[in-house]
Amino acid sequence: MDYSTEPRGIYLMVDNKSFYATVECVARGLDPLTTPLVVMSEAANVGQGLILSSSPAAKRLFGLHNVNRARDLPVDERLLVVPPRMNLYLAKNLAINEIFREFVADEDLLPYSIDESLLNLTHSWRLKSDNLLTVVRQLQTEIKQRLQLVVTIGVGNNPLQAKVALDIYAKHSPVGIGIITNHTAPVRLWAIPELTMVWGINTHLAQRLQRLGLHNLKQVAHADPYQLKAALGQNGARLYATAWGVDRTTLSRRSLRRAQSIGNSQVLPRDYVKLQAIKVVIAEITAQVAARLRARHKQAGGVRLQIGYAFGTVDQAGRAGFAHAQHLSALTADERKLTRVLQALFDQYWTGQPVRHVAIAVTHLSPAQGEQLDLFATKAETLALDVAQTVDQIRQRFGKTAIMKASSLTTGATFLARAQQVGGHNGGQSFE
Amino acid sequence: MNDQACQKLGRQLCQRLTPYFKRRVQTRYWLVVVWAAPDQAYHFFFNTRRPRAWQRSWPLGSLPSTSLEELIVVLTAVRAQYHFTIEYRQFSPDAQQRLQHEVPA
Chain D
1 MDYSTEPRGI YLMVDNKSFY ATVECVARGL DPLTTPLVVM SEAANVGQGL
51 ILSSSPAAKR LFGLHNVNRA RDLPVDERLL VVPPRMNLYL AKNLAINEIF
101 REFVADEDLL PYSIDESLLN LTHSWRLKSD NLLTVVRQLQ TEIKQRLQLV
151 VTIGVGNNPL QAKVALDIYA KHSPVGIGII TNHTAPVRLW AIPELTMVWG
201 INTHLAQRLQ RLGLHNLKQV AHADPYQLKA ALGQNGARLY ATAWGVDRTT
251 LSRRSLRRAQ SIGNSQVLPR DYVKLQAIKV VIAEITAQVA ARLRARHKQA
301 GGVRLQIGYA FGTVDQAGRA GFAHAQHLSA LTADERKLTR VLQALFDQYW
351 TGQPVRHVAI AVTHLSPAQG EQLDLFATKA ETLALDVAQT VDQIRQRFGK
401 TAIMKASSLT TGATFLARAQ QVGGHNGGQS FE
Chain L
1 MNDQACQKLG RQLCQRLTPY FKRRVQTRYW LVVVWAAPDQ AYHFFFNTRR
51 PRAWQRSWPL GSLPSTSLEE LIVVLTAVRA QYHFTIEYRQ FSPDAQQRLQ
101 HEVPA
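Protein chains in written order, with the numbering used here: chain D, 1 to 432; chain L, 1 to 105.
Careful, some of the hints might be misleading.
[Stated by the list, open to error] Label-pair restraints from in silico Cβ distances:
# : chain 1 : residue 1 : chain 2 : residue 2 : range
1 : D       : 249       : L       : 24        : 53 to 59 Å
2 : L       : 27        : D       : 146       : 33 to 39 Å
3 : L       : 28        : D       : 146       : 30 to 36 Å
[Said to hold, decoys possible] The calculated lysine to aspartate or glutamate pairs, modelled on EDC-like cross-linking and capped at a C-alpha distance of 20 Å, are:
# : chain 1 : residue 1 : chain 2 : residue 2
4 : D       : 144       : L       : 39
5 : L       : 22        : D       : 167
6 : D       : 59        : D       : 130
7 : L       : 22        : D       : 42
Derived by calculation from the structure, the hints in this document are not laboratory data. Each residue gets a CB set at the ideal place from its N, CA and C atoms; glycine is no exception.
Sequences and hints are given; from them, build the entire structure.
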């Protein structure tokens, strides 16, 4: 493999170690390395309790990992269980990203998730030191000193190498730094024992690869790329590049995604069996999605509805739920129209199974300025969008619950409960 | 922040901890106050511990302030209603001594 024509940037993927648990330990004046603390969500939709994060000490002492259930927690008086505070974690994430901005320009920073960010240091690292490793350690030290949080960092010549260096090497390194470069990519990537340990390869994809006789990245790297693409489509070409550590992404030139969509989903607090109650939830989630659509000045050309049945329930076809999409006759951001189509989709495909999970997305998005005029639309329909925009403004100014539909007061509605949460978990409280 | 506002915060703290204070037997309840230097704020938590159960720690709120006087007024307002042990963390020895002397037992 000739890497001389491949990009040779300096990319850092930074991860906050046990983020929520560490933030909670620090807020309580405790050391996350010695305090067995777990952040557990006890919101109605997670059943008995869902562990969102465990401190390094809890992981070490009790063998815990994230996404355990409360029933997996040993009853031990040493364990400190705390509720999540999503607003606090968002604030800490913003503070960390502010520190990153002292190292890179805005266009070279990509917050990847609430606890991971990607930095392109190619053009700026020499402003801090002549030694790259010194700059990486300086970043760790700044975050530790100012926020008392511990970060692990993957370094690579491209974003892919940085991410894999983080996941596979940095998290197990005593100094919290892992490095993969164009020079070391084949050795370090091919040494990964399991395909599913690699970013972008889930169990399903790994099984497909295994059916092709490919059990590790070395075998993928030496497979015929054309055959891989024929068998797996674009994923095949991407995997071939991954196996060689090649990624030509440029952070400052964000790619245009072909199929953009906006969606929200909810795991319901109990199994829903009544049609009316499920329809209220569909209407509420659609309203949420439509508000996001309007905020981005977009309109939708299609909708997608995904329903998950209660645990252990299957339909006549043996499926645990269904997902269907539909094109709209005209582009719209009107939540009433979207709700009507989605509820009709539900009516068409639901055969009475108890429902536990509802996901709604609007697809085929276009800018809102090119709205298709409808000669047959009534005046009320034309006004509906204005009303929705006014509701958005009221909520922005006075809070989410300042104005809502009366149906959100009916049995089964989840709007009021969800309004207090962030990402489905407790937002936390403060006096500020 | 004036004394009245601090007293109001103290009463708010009491309101927020009341749902967790279930007066169970063999259960220890205490208040934790942390000086968080990165946030320049005092954080308040209500902790519970009972046999054969996990320890719990409920966040009650934060007071963005660096004034020890204000904290003393807040905690005095809490003391007017509850007499839990108060555990101070991350305070300097001098500040801790002052708090122990000036916040009523």
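Here is how each hint holds up against the structure:
no. : hint                     : result
1   : 249/D - 24/L: 53 to 59 Å : holds, 56 Å
2   : 27/L - 146/D: 33 to 39 Å : holds, 38 Å
3   : 28/L - 146/D: 30 to 36 Å : holds, 34 Å
4   : 144/D - 39/L             : holds, 13 Å
5   : 22/L - 167/D             : violated, 44 Å
6   : 59/D - 130/D             : violated, 37 Å
7   : 22/L - 42/D              : holds, 18 Å
When held up to the earlier numbered hints, the structure conflicts with 5 and 6 and fits the remainder.
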